Every structure is written in structure tokens, then in C-alpha cells.
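A.B. asks: Sequence:
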Amino acid sequence: LSKQKDFGSQYRFMEADAADRIFSGLTDPAVPMRDGMAADALRQAPDSLRSLFTVKHPDVLFVIMESFSSRLMTTLGGEPGVAVQLDSLAQEGVLFTNFYANSFRTDRGLVAILSGYPAQPTTSIMKYPRKTQSIPAIAGSLKNAGYRTKYYYGGDADFTNMRSYLMSSGFEDIVSDQDFPVTERLSKWGAHDHLVFNRLLEDLKTEAAEGTTEEKTPYFRVLQTSSSHEPFEVPFRRLENDRLNAFAYTDSCAGDFVRQFRELPQWKNTVIVFVPDHLGAYPEHIDNLSVERYRIPLLMVGGAIREPRRIDVYGSQHDIAATLLAQLALPHEEFVFSKDMLNPASPHFAFFTVPDAFGMVTADNQVIFNCQAGAVVVDEGTAKGKNLPLGKAYLQKLYDDIAKR
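Our numbering applies: residue 1 is where the sequence shown begins, and numbers increase by one.
Source of the hints: derived by calculation from the structure; they are not laboratory data.
A quick note: this is a predicted structure, and the numbers were derived from the prediction, not measured.
Beta carbons are placed, not taken as given, at the ideal position from N, Cα and C, and that holds for glycine.
Keep in mind that a hint or two might mislead.
[Said to hold, decoys possible] Computed Cβ-Cβ distance ranges for the label pairs, DEER-style:
(1) Arg238 / Ala383: 39 to 47 Å
(2) Asp379 / Gln178: 45 to 53 Å
(3) Glu202 / Ala363: 40 to 48 Å
(4) Asp356 / Glu230: 36 to 44 Å
(5) Ala383 / Gly77: 20 to 28 Å
[Claimed, not checked] Think about it this way: if two alpha-carbon atoms lie no more than 20 Å apart in a straight line, the pair counts; the simulated EDC-like pairs of lysine to aspartate or glutamate are:
(6) Lys131 / Glu334
(7) Lys404 / Glu307
(8) Lys127 / Asp20
(9) Lys268 / Glu210
(10) Lys150 / Glu210
(11) Lys143 / Glu207
(12) Lys56 / Glu79
(13) Lys268 / Glu307
(14) Lys404 / Glu292
(15) Lys150 / Glu207
(16) Lys131 / Asp400
(17) Lys188 / Glu292
(18) Lys150 / Asp173
(19) Lys268 / Glu92
(20) Lys188 / Asp242
(21) Lys404 / Asp156
(22) Lys216 / Asp173
(23) Lys143 / Glu172
(24) Lys188 / Asp156
(25) Lys216 / Glu263
(26) Lys143 / Glu333
(27) Lys188 / Glu230
(28) Lys127 / Glu307
(29) Lys384 / Glu292
(30) Lys56 / Glu307
(31) Lys188 / Asp173
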């Protein structure tokens, strides 16, 4: 109970001014003021070297994939023959090769992805509606920029206060299990993934048939999968291992969706962002206090992608917000913890938490600190120890922020 209420007294690793000083070097550089102009007025579209999109305001679709890991993609050195569709799409899209989940559970991952807000080791901020109402969200930023918003999920949208969080984030419409007939809610988690993708595809086809795709209001949509979760019972059999087969099923659903979407007029103006909510189920028996436990893919595809690229900078789920908004030439200053991964002046690192530990990963140092034991459990790389004070300051400032919300 004390850990759920008194956030401001937790993780006091150092004096406040020391934490402030270190934290200032872990955030995006501020956009300078000039001649009394507001920072927003100075915001420019990213230069051609950093621009990923060919369209100023593309439709944006997030596909949040239950439990996927980098180890499922051959492109990232993983198992062959599992995520064959994602591997194929990676050849034509933008693939981030050193990308990490912020935590180990869906409720934590969703807030990190959709609000650019790091996960916490002792709680899930999604369980505190009064606090989540005050944190920024991609949906809210895009809604303010003229986007329409919609969320698709085959499961229970009221699980762990998810609906409350999504609505306060700026989603205007939420499709969930109750929007599918009982005959289609055949999995433990609701409707299987292919049915959720089909529902989105029907909406896209209706939109195309109505002739509203030209000069239309742009859309921000999110589709959250669920079938690659235990008990791994899916209407599909290609691999003997039930876990890997469930991932292969969701991968096939994504591939079928993209194949059909390519035939629609909206494709040329769309960016699809594939990102897992967290790593889970594979590799089996992986240790929570292992850096590999948090390594996941981030892939952007679609007709609005300028060209195929591999991006090797380090980042994590909560960096998607600043990176995307910067690409759209939209302000992201309120996403204090989110960094533009394509800005050379930004720090490049991944940060993750798990009860009761945190990790910070850069190219030259990988650190995991067990807060309960007060001990370093992982310290690897050419600059051992470098990330420990940085991670401590980052977590301390995160709990300072939660306390005042």
C-alpha cells in the first residue's frame, strides 16, 4: 500500500539537484526560443536525412503485438521460419535494431507506447485514472492536430482500467470484445487476431468505397493483438511448438492484412508501426533480470515510408512518441521522458523496469540494478558502471513526476 501511494519518497538514490543535473542530459535538447517566438513556431519538418515519411500528415496505424520478441525474427538474428511476414516487411520498411520494451506486462507497455511514459517497477500508472489523465498521449497530440482516433482490440477493454486510460488519452472510438458476436469470441481473450484485423479492414474498405480518402481528415488507429498469449490456442497450425505457432499465426494475420491493405487507396498515405507490448512466452524460461528479456522489434512500413532503412540507435517504447511527433513536425515537449531517436543531438539509450529493478542499456554499457537488494546484477560493455548513476537519476525523476500528477 505504501508503495502504491507515497511515490515521492521512493527511489531516493541521490540529492534532488544531482538527479536534476543528470536527468537534464537524458532528455531531448530543448527547442531554442528566438526573437520572442514560441518553440512551436520554430518547429520545422525533419531534414531529408532524418525524414522517414513522404507525406506531411499520413494516416498512422499502430499494431501492438502481444508478447513478440526480436528472437522471433530472422532479420534480428532470431529463430527462422516464425515471423516470416514481419521478416519480409522488414526488407521494405524502417527497422530499429536495438529497441527495447519498457517492462514485462501489457498495461505497462501500452502507457509507454501510447504516452511516451516509462514503466514503473512498483506499480502500473494505468491503475490510477487521476494520474493518467494528466500524462500526455500520442492520441491527444494527433487529435489536437486534426486527426481522428480509433482503437481496435478483441479482448476486454476494461481490464486494468484500460478503457479509462484510452478515453482520457484521446481515443474517440474503442472497438473491443463486446463489439464482436459471441460466435467470434472463441479465445480465452476474446476475438482471435484475424477477426480484429478483418474488422479494421472492413472500416478501411468502407472509407474507400465512400470516396473519402482524398483530402480527408487523417486517422490515428491502434490495433492490439491478443492471440499470441497463453494458452496459445489459435485457429492455425504451421509449427509444432504451440508458443511459436501462436506467434506465427499473429504474424500471418498481420501479413494478410498488409497484403489486402496494399490494394486500397489509403495505403499510399499510411504509416504502420509494428511494436510489441512486451516480450513474453519466448524464449521460454528467460530471466527477468536479463537484458535480452526486453529486446523487441520496432518496424515501420506502409506506402508513406520514404525508403527501407535499418536504424541501430538504442531506444525503448517510450521513445516512439517523440520520434513520431518529430517526424510529423508536431511539438513533443510535454513528453518529457520521450526522446526523438532520429535526432543526433538526443541521448540514445533504452530504459526498462521490472519488480523491483531497473535496467539502462547503451552501446557501451548494459546495467541492471536490483533495487530491493541494492545490488548490481548485470554490468557489461566497454564502459562498465557508466549507466548506473544515470539509471538511478532517471528512476528517481520518474517517481518525482508521478508524485506530482
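A.B. asks: Determine for every hint whether it applies to the structure shown.
C.D. replies: Verification of the supplied hints:
About 43 Å separates the C-beta atoms of Arg238 and Ala383, a value consistent with the hinted range of 39 to 47 Å. One distance hint, 45 to 53 Å for the beta-carbon pair Asp379 and Gln178, holds here, with the actual separation near 48 Å. A C-beta distance of roughly 44 Å is found between Glu202 and Ala363, which places it inside the suggested range of 40 to 48 Å. In this structure, Asp356 and Glu230 break the distance hint of 36 to 44 Å, their C-beta atoms being roughly 24 Å apart.
At about 23 Å, the CB distance of Ala383 to Gly77 agrees with the hint of 20 to 28 Å. For the suggested pair Lys131 and Glu334, the alpha carbons sit about 15 Å apart, so the restraint of at most 20 Å is met. Between Lys404 and Glu307 the alpha-carbon distance is near 42 Å, which puts this suggested pair outside the 20 Å criterion. Between Lys127 and Asp20, the direct Cα distance comes to roughly 27 Å. Violation of the 20 Å bound is thereby established for this hinted pair.
Simply put, Lys268 and Glu210 have alpha-carbon atoms about 17 Å apart, close enough for the 20 Å limit, and the pair holds. Annotation: proposed proximity of Lys150 to Glu210 holds, straight-line Cα distance about 18 Å (limit 20 Å). This hinted pair checks out: Lys143 and Glu207 have alpha carbons roughly 19 Å apart, not beyond 20 Å. Distance restraint check for Lys56 and Glu79: the Cα-Cα separation of roughly 37 Å exceeds the 20 Å cut-off, and the hinted pair is therefore not satisfied.
Restraint check: the Cα-Cα separation between Lys268 and Glu307 comes to about 13 Å, which is no more than 20 Å; the hinted pair holds. Simply put, Lys404 and Glu292 have alpha-carbon atoms about 33 Å apart, too far for the 20 Å limit, and the pair is violated. Simply put, Lys150 and Glu207 have alpha-carbon atoms about 14 Å apart, close enough for the 20 Å limit, and the pair holds. For the proposed pair Lys131 and Asp400, the alpha carbon gap of about 13 Å is at most 20 Å, so the pair holds.
Between Lys188 and Glu292, the direct Cα distance comes to roughly 28 Å. Violation of the 20 Å bound is thereby established for this hinted pair. In summary, the hint linking Lys150 to Asp173 is supported, as the alpha carbons are separated by about 5 Å, within the 20 Å threshold. This hinted pair checks out: Lys268 and Glu92 have alpha carbons roughly 14 Å apart, not beyond 20 Å. Taken as a hint, the Lys188 and Asp242 pair is honoured in the structure, with Cα atoms around 15 Å apart against an allowance of 20 Å.
Distance check on the hinted pair: Lys404 and Asp156 sit about 30 Å apart at the alpha-carbon level, beyond 20 Å; violated. In summary, the hint linking Lys216 to Asp173 is supported, as the alpha carbons are separated by about 18 Å, within the 20 Å threshold. Distance hint between Lys143 and Glu172 is fulfilled; the C-alpha atoms sit about 9 Å from each other, no more than 20 Å. With a C-alpha separation of about 11 Å, the suggested pair Lys188 and Asp156 falls inside the 20 Å cut-off, and the hint holds.
Among the hinted pairs, Lys216 with Glu263 is consistent with the structure: their alpha-carbon atoms are about 18 Å apart, no more than 20 Å. Among the hinted pairs, Lys143 with Glu333 is consistent with the structure: their alpha-carbon atoms are about 16 Å apart, no more than 20 Å. With a C-alpha separation of about 9 Å, the suggested pair Lys188 and Glu230 falls inside the 20 Å cut-off, and the hint holds. A distance of roughly 40 Å separates the Cα atoms of Lys127 and Glu307; the hinted pair therefore is violated under the 20 Å criterion.
Of the supplied pair hints, the one linking Lys384 and Glu292 holds, its CA atoms being roughly 18 Å apart against a limit of 20 Å. For the proposed pair Lys56 and Glu307, the alpha carbon gap of about 15 Å is at most 20 Å, so the pair holds. Pair hint Lys188 plus Asp173 does not hold up; C-alpha atoms about 24 Å apart against a cutoff of 20 Å.
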